[in-house]
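Novice: One-letter residues, chain by chain:
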Amino acid sequence: MRVLIAFLLGLAGSLAFGWWGFPQLLYQREPQPLQYNHKIHIEKGSMECSSCHEVAADGQFAGIPRTASCGACHAEPLGKTEAEKILVTSYVAPERELDWKVYSRQPMNVRFSHAVHVNKAAMKCEECHGGRGSATAAEPFYRNRVTGESRNVWGPRMIRVGLKPGEGMKMSDCESCHEQKGVSAGCLGCHR
Amino acid sequence: MAIGRRELLGLAGGAAVGGALSPVPWKLLDDSAIWTQNWSWTPTPVRGPVTEKFGLCTLCAAGCGVKARCGSAGVFGVAPAAEHATGGGALCPVVYGAHQLPYHPRRLRTAIVNGHAVETKEAIAEVARRLEAAGAKAAILDERPGRIVSALYDRIARAKGGTVVTLAQVEDRSLRTMEDLAGMGPGTLGYDFEHAALILSVGAPLLDSWGSTGRMSRLWSRRVETGKPVFVHAGSHWSRTAQLADRALILRPGSEAALVAALAGKLAIEPAAEITGLSPASLSDLALRLREQAPALVVGGGEAASSGLPEATERMIAALNVAIGALGRAGGIVMRRPLTGAPQPPQYLDRVPDHSLDLLVHEASSAGIVAPEALLRRKLAAKGTLVRLSAFLPEAFGPNDVLIPSTTFLEGAEDARGARDAAVETWSYSDGLSSVPASALPPAEFAAQLAEALQVKVESYEELRKARAAAIVAAKRGHVYRHAGGERAEATDLEKFEAAMAEGAVWVDEPVEPGPLRAKIDAVDWSAGRPEQPSLIAVASSPRGSLSVLPAVPLASKLDRETRLYAVPGEVRMNPRTARELNLRPGDSVLVSTPFGETRGRVRCDAAAIPGQLELGACGDGSQLVLEAMGAAEPGAGPTQAAQIRRS
Ligand code: SF4
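Residue numbers (the working numbering), protein chains in the order written: chain A, 1 to 192; chain B, 1 to 648.
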């Protein structure tokens with residue numbers, strides 16, 4: 001009996017550590033340089049994702065906009081929020097780049113063509129990036145201490161079931177979408 | 001409650017089962033796999049937009065157009081510029097990896113004088129001092145004459161009483177003999193292969209590492225549609241050109257003269273067949289075709305990694321060309337207009353008397369051109385100085401030498417005059433696509449600093465480049481081809497011309513209307529000896545652009561080593577049958593000796609190698625020894641050498 005209790009104690013402790021303590025240890029929360037409001041840009045500024053996240057004509061993705069492109073509208077503060085003030089005084093005016101933490105950044109052996117997915121496959125940004133485009137504030141960025149990448153690549157929960165669009169950007173997620181759509185990219189389509 | 005060993009084991013067992021049912025093991029497994037891809041020291045390209053720019057390949061004088069993929073950290077991919085006048089939309093295999101050359105472990109990062117590292121300025125001051133002292137016994141070796149920097153070398157050498165010399169590349173060897181006989185200056189003749197019906201190569205590797213790869217491969221593939229030109233190769237060993245040619249005649253080594261004499265009708269077919277080892281029927285058939293399948297032309301020259309044919313044989317080839325009407329005819333050997341604004345063509349280094357120079361400044365900024373070390377040293381007097389402007393540490397280094405680090409592939413401003421064998425002159429330039437390392441001097445900067453140290457007044461590189469552009473526009477000849485838009489435009493407006501050239505365009509001169517040219521062939525000696533037949537011959541192979549002291553860049557070494565296309569450095573490639581006859585096994589360490597030198601290597605057996613032939617790889621470390629053994633420093637020593645081999 002005492003052995004069984006010890007076994008169950010070990011089992012419970014280990015499960016608790018694995019499912020609760022381990023994620024706390026694995027991920028480190030890091031602040032974004034600015035509380036960015038996507039929603040206000042879309043609703044009030046009538047902007048689209050591609051207004052800032054350009055997909056270049058030759059197929060390459062320009063990615064995170066540079067401060068100069070923010071400066072096109074924010075040369076002067078457009079509101080009274082703290083974030084607006086920081087943007088103009090600390091970044092736009094001194095022409096300093098914002099050190100955004102990228103939720104979807106992949107390891108170096110991965111290449112991804114936004115142009116193919118957006119222009120050819122006519123996919124919506126939300127299908128991979130979820131509702132980030134309508135968020136009022138930048139969601140917390142959790143960096144995986146081992147890989148250095150965002151928690152969003154794996155997904156919000158340790159168990160990868162029931163992921164919604166925008167949750168998870170692992171190879172298996174790409175594969176399942178490709179399988180659903182009957183598209184094969186081969187190894188070199190995505191890996192270099 | 002007392003805790004005993006059993007409880008502890010139970011606890012551990014529970015923890016182990018719980019651990020296995022938790023995400024820890026598989027998540028850590030997954031994460032550590034990704035971690036291995038993100039080690040801080042793993043080279044990763046800097047993120048940023050990717051642009052395509054046009055530049056020049058500087059691995060030989062042809063200056064083929066290169067389309068480079070550039071990121072924020074420099075060039076990371078190279079492809080041919082389609083339709084380029086010289087490159088023709090193709091590059092030599094080695095060039096596809098040449099953007100890695102700037103990171104080569106043998107990159108020279110400091111100037112060296114007499115074995116000591118010094119500041120570049122000091123080294124240049126030392127070169128100026130020795131050049132001044134050498135006076136008329138100084139020469140500058142310009143491997144790619146006709147560039148803007150060549151004009152600077154010309155002014156410096158003239159101001160101090162010295163000369164500019166150049167190397168006779170494999171494409172030069174036959175043309176210069178013809179120029180001599182026709183009383184024309186160096187660089188005034190070219191081959192009009194595009195209009196030829198039959199091309200006979202006498203030992204010239206026309207279809208492998210000869211001329212510009214794009215031009216030759218375009219000609220070869222065009223045969224499928226038009227049936228012209230027909231390539232006939234007559235050589236003393238099997239080579240890739242022999243394999244690709246429409247017809248290959250394998251001669252006895254050294255019997256090229258007999259073949260040419262027979263084709264010219266100066267030696268009867270029967271004795272010629274006996275000397276060359278060819279059948280009388282094939283000889284008479286070829287002689288007939290040369291006359292009937294007009295326009296035909298004959299190219300000699302030998303292999304790049306060995307010596308050319310003897311001068312007497314080259315003279316016979318020139319005379320044969322005259323006899324079949326190839327000189328001055330479309331589809332033959334045609335006149336080219338001298339490049340507008342270019343300095344006088346330099347004389348050939350192999351024609352400079354031995355031991356006559358106190359100082360030789362060797363501009364070796366093109367990593368792909370070979371200069372046989374033995375040839376350079378032989379031209380120098382006992383205590384002469386060899387100055388090298390090179391991006392890489394050379395294989396050999398003399399106690400008196402001066403080394404100055406230079407730029408390499410796609411670094412810094414460069415211009416190219418185009419392939420030596422082309423029927424028309426071309427010109428293109430680039431300001432460089434990769435940043436210039438602080439320690440490296442582009443050739444133009446080297447020349448400018450040398451001129452300053454010598455107090456020779458010269459125009460700046462930019463002024464000279466502008467002046468040449470203006471002269472070309474003023475001449476109102478030729479056209480400009482822009483890769484970016486794939487358009488041809490006339491060169492009539494200087495501003496537009498310069499704008500297009502800055503984007504990587506190429507200017508192509510107009511061809512000279514073919515017309516009869518004369519050459520003095522009466523004095524040509526047609527006597528053809530009966531060469532001795534060695535049981536074993538050595539041949540050297542090397543892919544174009546990699547014929548240097550450089551260990552091949554990664555992509556090229558992959559091509560070399562994995563496809564086994566070429567004998568790789570340090571290997572002696574032979575047919576298994578030859579190895580058995582010589583009692584050798586794969587991997588045996590051997591010493592190959594020829595009348596000119598020795599080289600070591602390991603035996604590699606390859607059924608694709610020709611029996612009785614030892615193939616030596618002349619690229620990378622040890623290539624200078626191979627060149628020496630092949631007699632590359634001895635003009636006219638021939639493309640193959642009698643060889644002996646023994647275990648070492
Ligand atoms: S090595 Fe010469 S022929 Fe080959 S691509 Fe470069 S310039 Fe052209």
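Hints are computed from structural coordinates only; laboratory data are not their basis. In this text, a Cβ means the ideal position worked out from N, Cα and C, and glycines have one as well. Any given hint might turn out to be false.
What the hints assert, rightly or not - For each label pair, taking beta carbons as the anchor points, the in silico distance ranges come out as:
1. M171(A) to P25(B): 14 to 22 Å
2. L188(A) to A489(B): 49 to 57 Å
3. E127(A) to K476(B): 43 to 51 Å
4. E513(B) to A121(A): 36 to 44 Å
5. G131(A) to Q37(B): 26 to 34 Å
Novice: Decide, hint by hint, whether the structure agrees.
Specialist: Structure-based check of each hint:
1. M171(A) to P25(B): 14 to 22 Å: With Cβ atoms ~19 Å apart, the hint holds.
2. L188(A) to A489(B): 49 to 57 Å: violated, 38 Å
3. E127(A) to K476(B): 43 to 51 Å: violated, 59 Å
4. E513(B) to A121(A): 36 to 44 Å: At roughly 57 Å between Cβ atoms, A121(A) and E513(B) fall outside 36 to 44 Å, so the hint is violated.
5. G131(A) to Q37(B): 26 to 34 Å: holds, 29 Å
Hints 2, 3 and 4 from the earlier list are contradicted by this structure; the remaining hints agree with it.
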